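Grab the two chains, each in its own frame, and use the hints to assemble them into the complex.
Just so you know, the protein sequences line up as chains A and B, in that order.
Under our numbering, the first residue of the first sequence is numbered 23, with each subsequent residue one higher.
Under our numbering, the first residue of the second sequence is numbered 12, with each subsequent residue one higher.
Note that these hints are calculated values from the structure, not bench results.
In this text, all values refer to a predicted model and were calculated from it rather than measured experimentally.
Treat each hint with caution, since some may be false.
What the hints assert, rightly or not - Far from chain A, some chain B residues (derived; all Cβ distances over 12 Å):
| # | residue |
| --- | --- |
| 1 | L26 |
| 2 | G31 |
| 3 | P32 |
| 4 | D47 |
| 5 | R88 |
| 6 | R100 |
| 7 | E106 |
| 8 | A116 |
Claimed, not checked - A few chain A residues facing chain B, derived, Cβ under 8 Å:
| # | residue |
| --- | --- |
| 9 | Y49 |
| 10 | D67 |
| 11 | L87 |
| 12 | D90 |
| 13 | S94 |
| 14 | A95 |
Where a beta carbon is used, it is the ideal one built from N, C-alpha and C, also for glycine.
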Amino acid sequence: MSARRERVRTRTTSLERALFGLLLRAYPAALRKDHASEMADVFADMRAQAIRGGFHARATLWLRLLGDTVRSAPVEHWRARRERAAATLCYVPAPDSAGAIVAALGVFLLYWLTLAPTTAFWDAGEYITVAHVLGIPHPPGNPLFVMLARAWELLLSPGGWPVAERVNLLSASCSALAHLFLFLTIERSLRPADLTTRRIGATCAVLLSATAFTVWHQSNVNEKVYTISLLTTMLSLWLAMRWRDTRNMKLLIAAAYVTMLSATNHLMGVLVAPAILLFVFSVDRRALLSPRLWATTLPLVLLALSAQLFLPVRAAQRPVVNESDPTCESLLSATASIYTNGARGCPALSATLTREQYDKPSLLHDPNAPGSPRGATLIASQFVNYAQYFDWQWARSVAGKSPLFGGARPLISLLVLLLIAAGARAHWRADRPAALMHGAALFTLSFALVLYLNFKWGFLIARDAFPDPDMHEVRERDYFFLIGFSLWGAWAGLGIATLWRRAADRIAARMSVRAAAPSSRLAAAPILALALVPLALNWGWASRTDDWTARDWAYNVLMSVEPYGVLVTNGDNDSFPLWYIQNVERVREDVTIVLTPYLPTTWYAHQVRDASRACDVGVDPLDDRTRITCQRPFTRDSIHPRLLAAWGNVAAAPPEDSVLPFDAGEIDLMADSWFVAEQDLALRFGTLESTIARGTMISPIDTFVAAIVQSSYGERPIHFMTPSPVAARLGLTRHAVRVGLTWKLREPGESGLQEVHGEERRTVGAYVDVALTDTLARDVFIVRGRVTDPAKPWVDHANYSIPMQYSLMHYAGARAAEMRGDRVGAEWHVERMEFWSGL
Amino acid sequence: MSTLDLSPQVFHILLALADGPAHGYAIMQAVEVETDGAIRLGPGTLYGAIRRLRADGLIEETAGDAGDVRRCYRLTRRGRGVVQREARRLERLVESARARRLLPARGT
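One chain only, chain B, in its complex shape (with noise of 0.2 Å):
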């Protein structure tokens, strides 16, 4: 899977998992709480896309905190690496939107 191919659902999953191992229904939650409601994954989306995330290589299941019998998942290298650049091309588009003054400056 490369960059481009990545939903913004599937960014923003990457992205709860950037801060470490989670459940779920966790990554739901962060994912939600992420965008401010305006990604809200039902479960059928997110594990189908876990699966594909899995059968891609960019995440792993791990094992969960202690006495949490859940399946967790986590970034793997390469998953990190996806999500690193596509949070690089992001930011491209964003300094451009800057400099056609559609967003305020930085610190602005």
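Just chain A, same shape as in the assembly (with noise of 0.2 Å):
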């Protein structure tokens, strides 16, 4: 029996000193390291006392046991990780703020020195006409940078900046503050370094992003608003590496605020999430499993996407631009469609946020054949296109007219390739976790993109062996890549910093000095100079000091219309350029200007009507120019006397109706006519007759522009971009007559044209108008600036029309002035036509 009774309590007392171990595996590891056979010493000691009490004694003992873990531990793992962080945080850097500040002036001082003074070409003129009138850009809508960019411009209006120079500047400083953060997050990665030798890297780093060529021309004009996404991606990166110095969680959950807060500016600035959340799970992954992050990040989120709001707001109350008019019935509908990113809600505002206009192909299909996969050799050549990007970025100006990897500039990009994989190397072996981030975010900003962007074949690429234009991109889409651009140049700035040190330590070594010393180091400098070749390289193309080119040929474009006349324009470099001429400069504002690719949305047909509509008695749309109200007045305040006494010095009055006087049933129908002229069609236009050749597919842009010449033709001029595509289609091209830089539409009983006959007719016009065209191009027309200077090159080839359609516009002056017997016309002519062809 007491054998029995022996075994039984041996049993018991394992059990329970098994049971202690399991309470005892609650606590921290560091404090059972130190005390866990003690504690099981005490046990023992409890259990012995507890023993003699009996049973009830023994379960009291327990029941203290239990609660005296539940009541500590948890608060000895609170201990516990406090001391961690103490740990990590008996050191804080103290970031090199001077020297950012002094990287950041450097960077803003360039962008300064070579800002453009007004608009330029593309987006340009869009961008600063919105931020001017508040209005809404093409989708997404961008209502981040237009409410920033209407701000920054109220806010320097002191200054008596021109608008357009206000608004460069907003673009020049929010590349600049970038570059400040890039400099210090690239300075604390390679602590421990001495201060001189982290100023060196960081410097370079910033001199090789800053005068990357892209970024470069993309912050010293504002074209578009990538530079706000670069300046919060670059913040977003520092505030993740202040985050792991103090581990201060709110730096965490202020990165996630300015990503979500950028992604109302554009999508782009996201990008740099995947990168973030790496290097945090890399740093501490039980952060991101943190419930005080996600309770905190999540309204914050939700906060900074409410941004969007702006857009069905200030949709309501239709601006003069106004694209997609993403107008909501209701509150309600507009929180649905921003919360569930177009999903649900306001059907005008998801359209704008999904940038449904545009029909972006899926990853998988072939832009250019939607249903068909997306093959090999397509994927190559967007990567290629990304290529012939990087080539642009070090060395602009080496065989700069070649733009697709001209001259001995491949090899300089080969050069800046080995001194990336220096600075990478460099990166890793300085600071881990913040080279993963820098690479993820280059990865993400860089292939990844171009696998999401699914471009069309590049502006350039593959040309002979794909000849339609329409399989290729309209311009060259450098810009997407900016950001990710800045990152390979801060990586190669530090590659040319590694060089520049361990050519220093190789010189300390043969001087028998220590490796600081610094002669060594100055001994070394020369290599730094490598870190100034972009800067050299990429100057004569990145500046756009005194560029008055989109400006003044929006200025000439609109003076070659005359007054209460309609502009049919053919898309962004001659259109966005007038919006902002009449909308900032308040330049011709009665000219009505039809962008035909966005006549079938139905949105911009109801603003055309609108805007050209007479106006009520009693209604001045010059109250409040931001907004379509009616018809605008001719002024004659800006027009030169003698284009005034061309067009016989008349008293325009303003026409009765709108150039589409139509309802919005008839709008949506016109918006949705396709069909093929099985026959030729023959069509009237008040005396005007015209045929549409048999066979001819008639979209709906040709269906509005027929409705606007049937509505206009005899009560407005009609004036149509040269060449005009709508007109060939509509058969108007034989009443076509050169004015200036336009074709206008041959009124009842205008005399004085001088005829032109063959095949000269598609491209000069069915007629010249001398004595206007004269008048335009020798008094009227300005040219002036860098355009003048043969030295200084065309920069983009995409928009190479621009100098052509003033050649074309002087050769149909020179052949006009040869008919007449006019030498010294058509001399003059001529010299000015092989300027714009030499361009």
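Laid out in structure tokens, this is it:
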């Protein structure tokens, strides 16, 4: 019996020891390591005493142990976490703010010295205009940019700078500030190196990043919104780095907020998120499981996205630029649209947020053949396109006129790649998590972005194999990769600094001095001159100093249009600069611009209708120039007296009707009208007759333009930008009169025109208004600045059509002068034509 | 650790060591007796406190009695100073309470 009792006692003792051992597991490892055996001894003593007290005492003992564990174990875990954090925080490096500020000021100075004085081509006119009138640009609408830019413009207004220059300064400032954070991030990564080494490394990184061609070329004008994305990306990276040093959760939360706020500028800014998550995971994955992080971040993310509400609120006020018109019926539907990213809620706002208008092809399909798979050849070409842009970054002026891997430029790019490899390696060795974050951001913003964007064939890629321009992008798209090029530049800069450091160490060894000796560093300093290569070789191409080309182009086009004229345009470059000069500089606000690619979107047709309708009595459209009211008046103030005389000094009266006097139902019908002319179709527009050739595909654009001509011919002068595919399809070319940079439809009884014969009619026009064209070309047009200097290149080959337009005009003038026997006049036009063709 | 950071448990642990070195169980029992069972330390609470007191330099490990294999602890000079200051603070509090007739006068 006693033996059995002994066995039971032994088993009970073992069991209770094992149970206590389980309770010990609740405590932090460090505590267990130091005191587990003592605690077991204490337990043994407590148990021995409790046994004497019987079952009740033993039960009380276990309750006491359980209670003690429940109370003290969490406290010990919390204390252990604090001890770990304190161990990490025993040294929180202070950022080199002075160095960063100097670097940022240097970058700002560079961009200011090369700043565009006015608008530029492509989207610059659109963005400067929407900033000024608080309008809505093309989808996704960029509400954060609009609000920021307008506030910025107002803030700088006491300085007396023109509107365009103020908005361009926003781009420069954002980019400069981005480089401040880039400096801080790189400098921190280079610790524990000495201050000089860190500053040299960070400065080289900033220099290569800021002078990368696309970064520079986008920072000295506000052509896009990506400099804001650059700023938020660099800020988020820095906040993550700072969180690592301080373990202050608020910094991570701030990074999340900034990133999501950036989404309301452009989704580009969100692409840094995977890199930051990877960084946090590599430093302390438990931070990602922090309930406080998610509980605080989620409401802030919702708050950040609320900036999108600007779109429906402002759209309802009918701003003069109101692309996609994201008006909503209720705040609730607008909110649903925002927080479901367009999956639910207000249809118009959803269409804007999801960029429905652009009908982006799926990643798996060929953008040129919807439904067909995206082949390896196309994917390879998309990466070749990216390589082309990479090749531009470091030495754009080398064989600059050969934008496709011209001259020695690829060799320089290869050298830069080697520097990037050296810089990446140095970064990895100095600060692995930061290098991982940098590399992940690079991957997302370059290679992954190429795959996501799924472009058509690049503007210049495979032109021989695919001559159809519709199979190619309409312009070069290097700007999409701006942030990636900045990050490549940073690594290249680090590579240069690494070479310098190694050279200094070798020199020091030979000189038998210590490695950090100033003499050895100075001796190796010439290597740092490599960091100035992009600055020197990109300046001529990136600078926009004295570049009035786009602004003057817009002025010259609008002056080619007679009072209250309609101007039918083809795309960005013959529309957005015109929007700028009308709405910001208030030049020729009377002209109705009809941007044909937008016509099939009914929102645009409605806006054209409403902006050109006659004003009600007592309504002055100039009371609020930021909104669509009615037809704006023609004013003689800004018109050259010779042009007024050439127009016959008539007091132009406002038209009585809109250019599109149709109701919503009729506009909807026109927007849906596709057909093929099964036979020749005769059209009549007042006294004008035209024929649509059999087999011509007639699209909604053609239907709308035909309706405009039908409604306005005889009431308003109707002009087309040249060449005009829609005028050709509608058979109107034979009535086209060359007037300055446009074609005008010949009006009844118009005389004094020089008729053109033969094939030349297709390019020159059927007639030339010699008097008007000569007056415009000689006395009215403004051509100044950079474009007049043959030493300065025409940077963007994708808009070579602009100088070609001038060239075409002068060709028409020369031919007309020849036909009239005016040799002097012809020679003058030929000289001007050759000037423009030679750009 | 300043006097202001001393919790009642920690103060009584230091008090228990004021008489001389002791091992964990002895400290536990001394505290229970001293407080008439009001403070009953569990192993987790006791050794969590001992760990912090060691890190703060208020107690240190010492050799136990001959033949005793258990780890013993004793007050350091700093620890003695801390517990003395805390005791004087509590004494001042008690005098304050006596002055307000919240406690009986000395000797009564």
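Q. Where does the structure disagree with the numbered hints, that is, which hint numbers, in rising order?
A. Result: no hint breaks.
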